[in-house]
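Asks: Let the hints inform the model, and build the full structure from the sequences given.
Chains A and B, in that order, give the protein sequences.
Numbering of the first sequence is given in my numbering, commencing with residue 4 and proceeding in unit increments.
Numbering of the second sequence is given in my numbering, commencing with residue 2 and proceeding in unit increments.
If you are wondering where the hints come from, they were derived from the structure by calculation, not from laboratory data.
Glycine is no exception: its CB is placed at the ideal position from the N, C-alpha and C atoms.
Covered stretches of chain B (in silico footprint by chain A; criterion: 3 or more residues with CB under 8 Å from a CB of chain A, positions within the stretch not fixed):
#1 105 to 119
#2 241 to 249
#3 253 to 264
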Amino acid sequence: MRSNVLRHNLLTALLLGPATAWLVVFLVLPFVAIAVFSVGQRAPEGGYQAAFTLAQYVNLPARATAFWNTMVLAPAGALASLLVAYPVAYYLALRAPERWRLILLALVVIPFWTSLLMRTYAWMYILGGSGIPALLAYGGFEDVRLINTPGAVLLGIVYGYLPLMILPIYVSLERLDRRLLEASADLGATPVSTFLGVTLRLSLPGVMTGFSLVMILLLGEYLIPTLLGGGKVFFIGNALVDLFLQSRNWPFGSAIAITLVLVSVVVLLAANRISTRLSGARRVDLI
Amino acid sequence: MSKSYRDGLPISPEKFVDQLMRLKRGSIGRREFLGLTGLGIATAVMARELGIMPSPAFAQGGLGDRMSIATWPNYHDPATFENFKAETGVAVEVNVFGSNEEMLAKLQAGASGWSLFVPTNYTISTYKKLDIIEALDMAKLANFDGSQQDPRFTGEGTIDGVAYAVPKNWGTTGFAVNTKKLTKPMTSWKEFWDTAMAEGDGRTMVHDYQLTTIGNALKYFGFSFNSLKQDELAKAEELLLKVKPHLFAVSSDYQPSMRAGDAWMTMCWTNDGAQLHRDIPEIAYVIGKEGGEIWTDFYAIPKDAPNKPAGYALLNYLMDPKVAVKEHLANGAPSTDARVNALLPKEVLANPILYPAADLLKPLEFGAAATLTDPGRAELMARFKSA
Numbered sequence: 004m005r006s007n008v009l010r011h012n013l014l015t016a017l018l019l020g021p022a023t024a025w026l027v028v029f030l031v032l033p034f035v036a037i038a039v040f041s042v043g044q045r046a047p048e049g050g051y052q053a054a055f056t057l058a059q060y061v062n063l064p065a066r067a068t069a070f071w072n073t074m075v076l077a078p079a080g081a082l083a084s085l086l087v088a089y090p091v092a093y094y095l096a097l098r099a100p101e102r103w104r105l106i107l108l109a110l111v112v113i114p115f116w117t118s119l120l121m122r123t124y125a126w127m128y129i130l131g132g133s134g135i136p137a138l139l140a141y142g143g144f145e146d147v148r149l150i151n152t153p154g155a156v157l158l159g160i161v162y163g164y165l166p167l168m169i170l171p172i173y174v175s176l177e178r179l180d181r182r183l184l185e186a187s188a189d190l191g192a193t194p195v196s197t198f199l200g201v202t203l204r205l206s207l208p209g210v211m212t213g214f215s216l217v218m219i220l221l222l223g224e225y226l227i228p229t230l231l232g233g234g235k236v237f238f239i240g241n242a243l244v245d246l247f248l249q250s251r252n253w254p255f256g257s258a259i260a261i262t263l264v265l266v267s268v269v270v271l272l273a274a275n276r277i278s279t280r281l282s283g284a285r286r287v288d289l290i
Numbered sequence: 002m003s004k005s006y007r008d009g010l011p012i013s014p015e016k017f018v019d020q021l022m023r024l025k026r027g028s029i030g031r032r033e034f035l036g037l038t039g040l041g042i043a044t045a046v047m048a049r050e051l052g053i054m055p056s057p058a059f060a061q062g063g064l065g066d067r068m069s070i071a072t073w074p075n076y077h078d079p080a081t082f083e084n085f086k087a088e089t090g091v092a093v094e095v096n097v098f099g100s101n102e103e104m105l106a107k108l109q110a111g112a113s114g115w116s117l118f119v120p121t122n123y124t125i126s127t128y129k130k131l132d133i134i135e136a137l138d139m140a141k142l143a144n145f146d147g148s149q150q151d152p153r154f155t156g157e158g159t160i161d162g163v164a165y166a167v168p169k170n171w172g173t174t175g176f177a178v179n180t181k182k183l184t185k186p187m188t189s190w191k192e193f194w195d196t197a198m199a200e201g202d203g204r205t206m207v208h209d210y211q212l213t214t215i216g217n218a219l220k221y222f223g224f225s226f227n228s229l230k231q232d233e234l235a236k237a238e239e240l241l242l243k244v245k246p247h248l249f250a251v252s253s254d255y256q257p258s259m260r261a262g263d264a265w266m267t268m269c270w271t272n273d274g275a276q277l278h279r280d281i282p283e284i285a286y287v288i289g290k291e292g293g294e295i296w297t298d299f300y301a302i303p304k305d306a307p308n309k310p311a312g313y314a315l316l317n318y319l320m321d322p323k324v325a326v327k328e329h330l331a332n333g334a335p336s337t338d339a340r341v342n343a344l345l346p347k348e349v350l351a352n353p354i355l356y357p358a359a360d361l362l363k364p365l366e367f368g369a370a371a372t373l374t375d376p377g378r379a380e381l382m383a384r385f386k387s388a
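Replies: Below is the structure:
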């Protein structure tokens, strides 16, 4: 008996060991470093100087616009992705012919094999003056400007994060018990009320997983606004890049990073609670 | 973006960068680009970034077999490094940067891995103060001849009589205009900013760089490019916030947009101006008559350089006028070395973008060290970008 328990414990340690070591070295330690930096001071030539002050946190309002832009972009981008992703996931899970399903799913995932930077650069040329606007000019629509607009940023976000939204929704729809749909129809529900009352409701865990996954990634987004928004739209990710690489105000950047982590945790908890409530008593695993 | 000079890749790094630059200019499609470059490059870059590449092995002559340099985009003739490798056996890995602040941040963070880098004049005193650059052993730089250097450009490499950096080339910061789109001739920063809010609405770019964007806004009012005075910076901020909604982009990567015709006017450095004008003659390069920035880029060696012997060897090689002249023909920026100028073709020396008239150069200012590290200007830039 005893040796069994021992073996069990050893196995657990072996299984969890690598992940724990990885998280401690690459997540916990950097996080502690950033927490220490955030109560420090900017050295006269930039960088970090040891101190104990909350001045960096008091200064947070200096990036209020960036926080605000991010708080608007992240839910808006996630919502737009959701609106595009849901019909696709619905089709893949419930309507697509069985033999095509895997191929179609693969098509959703394949763009991930190329770096997001490359794909965003490609969009710069598609939306730029020699791309779609040039085609439109042939059709008589002169001076259409697409690149460096908020619309271009939104498009880039939806494009970049779509697979992350489609896959969890697909999984929850795929597990849906079809007999429930038949029962609903037998009891006289219209297709619309079956969709709203059964399908949508049961797929909510997937929706919330996808939504919070995309939203959390968007909270740190800086590449797409820079490349497709022309650097005119300033998000918290852009503020962080500037603070660490340009003005080298590491303590202030650290304070912002800590605040961003706290905000992300609050968002996760709220999303978790909402989806638990909406989908009844079922527990939802967000990640 | 990094280039690693290694054999056995599906495409050579130079070709990859060539193709990438062509892609950026829009002269090839993405599909063709991916086909030409191959995804193998991704694996190669990953291996290097993750530090799988072993540290330099020291073989013949104590130079090792590899070193790394930090520099600016499109700033060298790739053949230079190939020839250096053929002569010394040292492969040079090139790291490309977008701003002096970024280079400084990397060196401050430590373990940059560079054995040579290319800082701009106004940063050198800060590097010295932080004690992260090497006092150069001039005995190892036989090809450098201080007496042949134009003193106007070279002073800031030497601090208290000790040389910490030797000059590479100089240049100016002006603006580029597409004269087919904006036909009114322009000569001043006042016209630049006013046009950005009128005919150039939605077609103008400014640098994503506090030194030049704030500096050139200060020139609108005739203040110093380097001003740190509260009231003068407040006026510059007012102008920047007024112009912001009219801008096409805040970005230092302006060549693709100018080439595609999306942008008609942009803040611009000498060598970019020369390249744009060479390929698209209607793009003119203007130095604001109120002044603006003049700069010199230097070579320096970090204190923690992993391969100092190779750093010195490459620096000495680059100081050879026969090598330097090819470098200058490739990157287009004017040289500080009279021996190099003597070897340059006449039409290069006659190019007014590279060698502007003396009265245009006169009001230009070198960036000041205090401007680089001033937190007030950094916050101003953040307010401008988030407005």
